[in-house]
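Residues per chain, in single letters:
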Amino acid sequence: SQTIHQWPATLVQPVGSPLSLECTVEGTSNPNLYWYRQAAGRGLQLLFYSIGIDQISSEVPQNLSASRPQDRQFILSSKKLLLSDSGFYLCAWSSGTGVGGTIYFGEGSWLTVV
Amino acid sequence: DQQVKQNSPSLSVQEGRISILNCDYTNSMFDYFLWYKKYPAEGPTFLISISSIKDKNEDGRFTVFLNKSAKHLSLHIVPSQPGDSAVYFCAASVTGTYKYIFGTGTRLKVLA
Numbered sequence: 001s002q003t004i005h006q007w008p009a010t011l012v013q014p015v016g017s018p019l020s021l022e023c024t025v026e027g028t029s030n031p032n033l034y035w036y037r038q039a040a041g042r043g044l045q046l047l048f049y050s051i052g053i054d055q056i057s058s059e060v061p062q063n064l065s066a067s068r069p070q071d072r073q074f075i076l077s078s079k080k081l082l083l084s085d086s087g088f089y090l091c092a093w094s095s096g097t098g099v100g101g102t103i104y105f106g107e108g109s110w111l112t113v114v
Numbered sequence: 115d116q117q118v119k120q121n122s123p124s125l126s127v128q129e130g131r132i133s134i135l136n137c138d139y140t141n142s143m144f145d146y147f148l149w150y151k152k153y154p155a156e157g158p159t160f161l162i163s164i165s166s167i168k169d170k171n172e173d174g175r176f177t178v179f180l181n182k183s184a185k186h187l188s189l190h191i192v193p194s195q196p197g198d199s200a201v202y203f204c205a206a207s208v209t210g211t212y213k214y215i216f217g218t219g220t221r222l223k224v225l226a
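Residue numbers (this note's numbering), protein chains in the order written: chain A, 1 to 114; chain B, 115 to 226.
It is possible that some hints are incorrect.
[Claimed, not checked] Listed below are the simulated DMTMM-like cross-link pairs for lysine to aspartate or glutamate, each with C-alpha atoms no more than 25 Å apart in a straight line: (1) Lys185(B) to Glu59(A); (2) Lys80(A) to Glu22(A); (3) Lys119(B) to Glu22(A); (4) Lys213(B) to Glu129(B); (5) Lys213(B) to Glu22(A); (6) Lys213(B) to Glu59(A); (7) Lys185(B) to Glu156(B); (8) Lys119(B) to Glu59(A); (9) Lys223(B) to Asp173(B); (10) Lys79(A) to Glu22(A); (11) Lys213(B) to Asp54(A); (12) Lys213(B) to Glu26(A); (13) Lys213(B) to Asp85(A); (14) Lys80(A) to Asp54(A); (15) Lys223(B) to Glu107(A); (16) Lys213(B) to Asp71(A); (17) Lys213(B) to Glu107(A); (18) Lys170(B) to Asp145(B).
[As the list claims (entries may be wrong)] Here are the in silico distance ranges between beta carbons for each label pair: (19) Phe160(B) to Ser20(A): 25 to 31 Å; (20) Ser142(B) to Gln62(A): 34 to 40 Å; (21) Pro196(B) to Val114(A): 46 to 52 Å.
Derived by calculation from the structure, the hints in this document are not laboratory data.
Don't be surprised by glycine CBs; every beta carbon is placed ideally from N, CA and C.
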């Protein structure tokens with residue numbers, strides 16, 4: 001069966017510090033990978049999605065970036081965090097077919113920028 | 115531009131009664147819709163989905179209805195249970211785009 005893991009689960013970072021959130025998927029190949037953010041009192045905002053290695057689309061202009069060094073690994077990064085980057089970050093995957101597929105989420109990572 | 119909207123931020127229902135959660139969308143290209151349940155500090159879990167070629171899909175206590183002409187879908191939970199208390203998100207996608215757009219969520223509270 002397929003599993004998705006992301007880490008760290010919780011982190012507190014000072015303004016201006018870098019960020020790296022990692023996500024891996026097991027049990028499937030060539031998944032579509034996603035990063036979403038849930039800010040306080042808001043819905044799930046799509047940040048990045050990737051349909052393959054070196055194929056990453058950005059949905060929201062911001063100081064975050066994403067990379068996919070391996071087929072089943074997705075990394076969310078920032079060089080300098082802002083207070084507004086605080087939120088609950090979710091990695092997700094869906095089947096590579098893209099035909100009415102379901103999207104599955106990881107456990108989430110709480111980021112507090114202080 | 116919020117393409118998927120959940121206009122009710124919260125809903126309270128008595129245990130055993132029906133819970134109806136609503137979702138509206140603006141993009142007529144959406145052809146696949148999903149509902150998710152989310153507890154605090156956890157990732158959303160998939161509940162039920164529906165393709166645009168259908169107007170109803172049922173799975174146990176959960177039924178999703180789709181009204182394409184109104185660009186509206188709803189999730190019915192019958193009977194509601196205290197464990198159903200969570201935030202519910204609807205999502206929509208266009209086949210082939212690989213993107214899933216989520217609404218802002220509705221917090222359901224089922225009262226015992």
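Check your understanding: Does Lys185(B) pair with Glu156(B) here, judged by a C-alpha cut-off of 25 Å?
Key -> 29 Å, violated
Practice item. Take a quick look at whether Lys213(B) and Asp85(A) sit within 25 Å of each other, Cα to Cα. Key: Distance of about 22 Å is within 25 Å: holds.
Exercise for review: Could you tell me whether the CB distance from Pro196(B) to Val114(A) stays inside 46 to 52 Å?
Suggested key: 36 Å, violated
Review point. Can the restraint linking Lys213(B) and Glu107(A) be considered satisfied, given a maximum Cα separation of 25 Å?
Key: Holds, because 20 Å separates the two Cα atoms, which is no more than 25 Å.
Check your understanding: Within 25 Å, alpha carbon to alpha carbon, are Lys185(B) and Glu59(A)?
Key -> Holds, at about 24 Å.
Review point. Quick one: are Ser142(B) and Gln62(A) within 34 to 40 Å, going by C-beta?
Key: Violated, at about 29 Å.
Exercise for review: Could you grab the alpha-carbon distance between Lys223(B) and Asp173(B) and see if it respects the 25 Å cut-off?
Suggested key: 21 Å, holds
Practice item. Take a quick look at whether Lys213(B) and Asp54(A) sit within 25 Å of each other, Cα to Cα. Key: Roughly 17 Å between the alpha carbons, so the hint for Lys213(B) and Asp54(A) holds.
Check your understanding: Given the hinted pair Lys80(A) and Glu22(A), is their alpha-carbon gap at most 25 Å?
Key -> 17 Å, holds
Practice item. Could you tell me whether the CB distance from Phe160(B) to Ser20(A) stays inside 25 to 31 Å? Key: 28 Å, holds
Practice item. Measure nothing beyond the straight line between the CA atoms of Lys119(B) and Glu59(A); if it is 25 Å or shorter, mark the hint as holding. Key: 18 Å, holds
Review point. Are Lys213(B) and Asp71(A) close enough, with their CA atoms no more than 25 Å apart?
Key: 18 Å, holds
Hints 3, 4, 7, 20, 21, counting from the list given before, are not met by this structure.
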